[in-house]
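Participant: What follows is the residue order along each chain.
Number of protein chains: 2
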Amino acid sequence: MANTDSVSVRVFSLNCWGIRYVSKHCPQRYAMIGDLLCKGEHDVVLLQEVWSEKDYLSLKKKLSCSHPHSHYFKSGVIGSGLAIFSKYRIHDTFVYRYSLNGYPYMAHHGDWFGGKAVGLAVLSIGNLTANVYVTHLHAEYCRDKDSYLPHRVVQAWELQQFIRHTSAGVDVVIVGGDLNMHPQDLGNRLLRTYTGLHDSYLETTKFDGCEDGLTLIADNPFITEKELGPFEKGIRIDYILFKGSPKLGISCDSMSTTKGSVPNHPFPYSDHEALTAELRLKPRPLTDAGGDNQSKTQDSNAEKLAELVDIVTEARTEVKVGLHCAERMRYTAARTGVMGLALLILELAIAAVPWLALGVEQPFPRTSFYLLAALCFAILLSTFLLYVFYTMELKSLQGAEDQMRLAVGSLQEKLRGFPLAQPHDPQRKPPEGQEPNAYAPEE
Amino acid sequence: MANTDSVSVRVFSLNCWGIRYVSKHCPQRYAMIGDLLCKGEHDVVLLQEVWSEKDYLSLKKKLSCSHPHSHYFKSGVIGSGLAIFSKYRIHDTFVYRYSLNGYPYMAHHGDWFGGKAVGLAVLSIGNLTANVYVTHLHAEYCRDKDSYLPHRVVQAWELQQFIRHTSAGVDVVIVGGDLNMHPQDLGNRLLRTYTGLHDSYLETTKFDGCEDGLTLIADNPFITEKELGPFEKGIRIDYILFKGSPKLGISCDSMSTTKGSVPNHPFPYSDHEALTAELRLKPRPLTDAGGDNQSKTQDSNAEKLAELVDIVTEARTEVKVGLHCAERMRYTAARTGVMGLALLILELAIAAVPWLALGVEQPFPRTSFYLLAALCFAILLSTFLLYVFYTMELKSLQGAEDQMRLAVGSLQEKLRGFPLAQPHDPQRKPPEGQEPNAYAPEE
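For the protein sequence lines, the chains are A and B, in the order given.
Under UniProt numbering, think of the first position of the first sequence as 1, with each following residue one higher.
Under UniProt numbering, think of the first position of the second sequence as 1, with each following residue one higher.
Where hints are given, some of them may not hold.
Stated by the list, open to error - Computed cross-link-like contacts, BS3-like style, restricted to lysine-lysine with a CA-CA straight-line distance of at most 25 Å:
(1) B:Lys320 with A:Lys61
(2) A:Lys320 with B:Lys61
(3) B:Lys282 with B:Lys206
Claimed, not checked - Derived DEER-like restraints, expressed as beta-carbon distance ranges:
(4) A:Phe231 with B:Val77: 34 to 42 Å
(5) A:Arg335 with B:Glu307: 51 to 59 Å
(6) B:Thr313 with A:Leu385: 37 to 45 Å
(7) B:Gly409 with A:Arg20: 23 to 31 Å
(8) A:Arg20 with B:Ala352: 29 to 37 Å
(9) B:Ser58 with A:Val321: 26 to 34 Å
(10) B:Glu314 with A:Cys38: 32 to 40 Å
(11) A:Arg335 with B:Ala352: 34 to 42 Å
(12) A:Ala334 with B:Pro266: 35 to 43 Å
(13) A:Val321 with B:Thr332: 41 to 49 Å
(14) A:Val388 with B:Asp219: 33 to 41 Å
(15) A:Arg20 with B:Thr313: 28 to 36 Å
(16) B:Glu314 with A:Ser64: 25 to 33 Å
(17) B:Asp208 with A:Arg328: 51 to 59 Å
It should be emphasised that the hints constitute simulated quantities derived from the structure, not laboratory data.
Treat the numbers as computed from the prediction; the structure is a model and nothing was measured.
All C-beta atoms in this analysis are idealised placements derived from N, C-alpha and C, irrespective of residue type, glycine included.
Make the full structure from the sequences, and use the hints.
Facilitator: Set out below in C-alpha cells:
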C-alpha cells in the first residue's frame, strides 16, 4: 500500500447468538455465517456471543483461506464470546474484563457467567497500525426499571478508558460490537464524546439496510414483541465506530445491515442484524492541522469539552444511584445473615438448655432440629457470599465514581484554559493541543 | 519548565504492610510514613498494601500541602491497596485488575481478596505527560514449590501488556511497586525486556542503601528468617522502573533505600524497605534517532528480539504447567462432586427403598441420615464452586497462553525482517522503526 493512496477496509460485526443447545438453529446459523464470511468480502470480522470455543474453532477452520488471522478472547466462566477474524496480520492482543457485569445469582440472565470484556487486536494494514476493538456490554432486560444500568454505565466508562489509553499513537481505531445501548443512551454518548469515535451509521454516505439502522428488528423471526417493548419497529444497539489520527483521515463510504431474512435460507443469521461498514483510510495533507480555522476549532473544542463535562457528571449521578442500591443490598444481606445467626443461636439454646440445665430427655423434635439448622447454615453461607459480592460491586462503583470525579475536575481545568470559557483573561495562552498545565512550574 | 532544561523527579515507593489490627504497629508506622512524606522531598509517592481506605484518607489529609494530588485504586473485596500521591496534577486514572490472583480458599494467604491490580495515573510534569504505574503482584510463599508461579507469570504478562498498550505516545513511563519477583525471575525479565523499562537500581549513578539493593532484609525486625528462606541477607522484590521516549531521555541520578531501621524510631516504616529514585528527564537532541550507528542498533535490536522470543516461550511453558495443574484440580473437584452425588443418591435409595417397597418402619437412623445428607450437600456445593473457579482459572491461563503464542509468532516474524537473521536476503528493506509488514500488499 502506498502511503499516498487511500485504502478501503470492510468491517463486519455480528452478535451470533451462539448459545449451544439453547439458541434456535445454532449449528445451521453458524454454517450460514461461515458461508457468508468465507467469500472473503470482509477484511475484518468482529463476532460476539460465540460462546462455545468449538464453534470458534470450526469457523476458524472454514475461514482459514479467507481470513488467515484470528483470535478468540477468553474470559469469565464461559468465555467472553468475542472473536476476531482478519485478512491482516494480528500482531498483538489484549483483553480487558469489565469490573461489573451483573449478578451471579441472576443465572437466567447469564451475563455474569459470560465475563463480558473488550478485546483489542493490533493489526497491520499495510504500513498502518490499526487498533481493532470488539466488545459486548451487559444486556438491557427491562428499560423502564433497568437494574443493570449502573453496571452498563461503568462498562461504557471502562470501555472508553481502555480505548483512549490504548489507542494513543495508532493510525486507526475501529470498534465493533453489541453495546446494548440505544444511540442516545448515556453510555453511548459517554463513549463517543470521550473517545471522539464516529458512528459509521451516522457518517456513511451510502446506506442500505433496516430503517434507522436498526439492528434488533421486529421482522426478525427470532425476536419476540416483548423484547422490543415500546419500540415496535426495533432498536439500534450494534455499532461499528471508527476514528483516524492526525496523520490519517477516515470516512465511511458505505454501510449496510441485513434485513431480518437471508435469501434462500429459512431463517436469518442471528437474532441481531449483521453490520458491514466500508471504511476509507486516507493520509491527511500535512496542512490539515493548522490553518485559519484555528479559533473556530477552539470554540468547537470548548463546546465539546463542556458537553463532555455534562455527560461525565450525568454518568457519575447514575453510578451514585448504583452505589446506593448496592449499599442497600449489602445491608439487607448483612441483616439477613445476622437474623440467620440469631435463629441458629436460639435453636441451639432451646435444644441445649433443657438437656444441660435439667438433664431431661431432648424435647426438640430431631427432624425439625436438623432441618432448621440446615436452613440457618444455608442462610449464613448465602448471605456471606452475597456480602462479599456486594462489597466487590461497591468497590468497583466507588472506583468508577472516583475516576469520574477526577476526570471532571481535570476536564474543567482544561476548559478554563479555553478563551471561550475565560473571556476576561485575554493574556492567557491558548492551549496548543496539549492540556494547559496549571501546575507547570513555568506558568 | 523550559523544554530545553532537564527536570528532576523524585519517586518514592513503599509496600506499607498496612493490614489493620494484624500488621505490627500499623498506626504508628503510618504516622511515621506520613511524617516522612509531608516533608515534601518526593514528587511522586507510590504506596502498596494500604489496605484500609481510612489509612489512605488520613495520609491524604496529612499530605494535602506537600502532595495535593492523590488517588486510591479500588478493586476486589478489600481493595487493591494501591495509592499514589503526587505534587503534579493527576489528569486521568485507570486500573487493570489481574485476571489471576491466587485462590479464595487460601484465605490465610489473603491475596485473592486483595484484588491485585496495576493502577495508572496520567500526570503532567510541566508540559510533559508521564504515565505512572503502581502495582503489587501475588506474593511468593514458598520458592521451591511455588504453586502461584503461573499466576505471577500471567500477572507479569498482563502488566507488560497494560504498560505497553497504554504508554504509546507519552513522554515518560514510571513504574513502582512490589513485584514479588527477584531481579532475574521470569516475570521480571518478561516485564523489562518487553517494555524496555530500566531498573533504577541497576541504572543509578549513585546508590545509598542496603547491599545489592535488597528491599526485604534480615535486619528488618518485622522479617522472620523463615520468610527469607535460603537468602539469608535478604531479597530484592521492590522496584522503581522507568523509560523515556524518542523525544525525552531519562536517567537515574541517585537511588536510595531505607536500611531496616529509622533514626529516632523504635521500628522501621514497614517490613519492606522504602525506595527513592531521583530521575532526570532531559529532552533528546533531534539527531539522536538516526546517526551512523544504525546497523549496530539493528544488531542489538535483533538480539533483544531473539531474547524476548526466548523469554515469552519460557513464560508460555510456565503457563502450560499452570494449565495442567488447573485441569487436574478441576478434574478432582468434578470427581469429588460426582462422588458426593453418588453418596446422596445411595443414601436416598437406602432410606427410600424399604419404605417404598416394603412399607416397613424407616430403618435408617435419622441423625445419621440428616448428617450424611448435609455432608453430601456441602460436598456438592463446594465442588460446584471450585469447578466454576477452576474453569475461570483455566480460561485466564488459556487466554494468556493464546496471547503468548500469537506474540511469539509476531516477534519471530519481526525478527525475520532483520538483516542479522536473514543474511541471505540483502534485497530486503531494513525495518525503519516500524515493524516489517509481511502482509502489506506492496511487498
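Participant: Give a verdict on every hint.
Facilitator: The hints, checked one at a time:
Note on Lys320 (chain B) and Lys61 (chain A): the hinted pairing holds, with a Cα-Cα distance of about 24 Å set against a maximum of 25 Å. Simply put, Lys320 (chain A) and Lys61 (chain B) have alpha-carbon atoms about 24 Å apart, close enough for the 25 Å limit, and the pair holds. For the hint pairing Lys282 (chain B) with Lys206 (chain B), the CA-to-CA distance comes to about 18 Å; that is within 25 Å, so the pair holds. Between Phe231 (chain A) and Val77 (chain B) the CB atoms are about 39 Å apart, so this pair conforms to the stated range of 34 to 42 Å.
A C-beta distance of roughly 58 Å is found between Arg335 (chain A) and Glu307 (chain B), which places it inside the suggested range of 51 to 59 Å. For Thr313 (chain B) and Leu385 (chain A), the Cβ-Cβ distance of about 40 Å falls inside the hinted range of 37 to 45 Å, so the restraint holds. At roughly 30 Å, the beta-carbon separation of Gly409 (chain B) and Arg20 (chain A) lies within the given 23 to 31 Å, and the hint holds. Checked against the hint of 29 to 37 Å, the pair Arg20 (chain A) and Ala352 (chain B) passes, with Cβ atoms roughly 35 Å apart.
Checked against the given bound of 26 to 34 Å, the beta carbons of Ser58 (chain B) and Val321 (chain A), roughly 29 Å apart, stay inside it. Checked against the hint of 32 to 40 Å, the C-beta distance between Glu314 (chain B) and Cys38 (chain A) comes to roughly 37 Å, which is consistent with it. Checked against the given bound of 34 to 42 Å, the beta carbons of Arg335 (chain A) and Ala352 (chain B), roughly 38 Å apart, stay inside it. For the pair Ala334 (chain A) and Pro266 (chain B), the supplied restraint of 35 to 43 Å holds, since their beta-carbon distance comes to about 39 Å.
Checked against the given bound of 41 to 49 Å, the beta carbons of Val321 (chain A) and Thr332 (chain B), roughly 44 Å apart, stay inside it. Taken as a hint, the range 33 to 41 Å holds for the pair Val388 (chain A) and Asp219 (chain B), whose Cβ atoms sit roughly 39 Å apart. About 34 Å separates the C-beta atoms of Arg20 (chain A) and Thr313 (chain B), a value consistent with the hinted range of 28 to 36 Å. Between Glu314 (chain B) and Ser64 (chain A), the C-beta spacing of about 29 Å keeps the proposed range 25 to 33 Å intact.
The supplied range of 51 to 59 Å is met by Asp208 (chain B) and Arg328 (chain A), whose beta-carbon atoms lie about 53 Å from each other.
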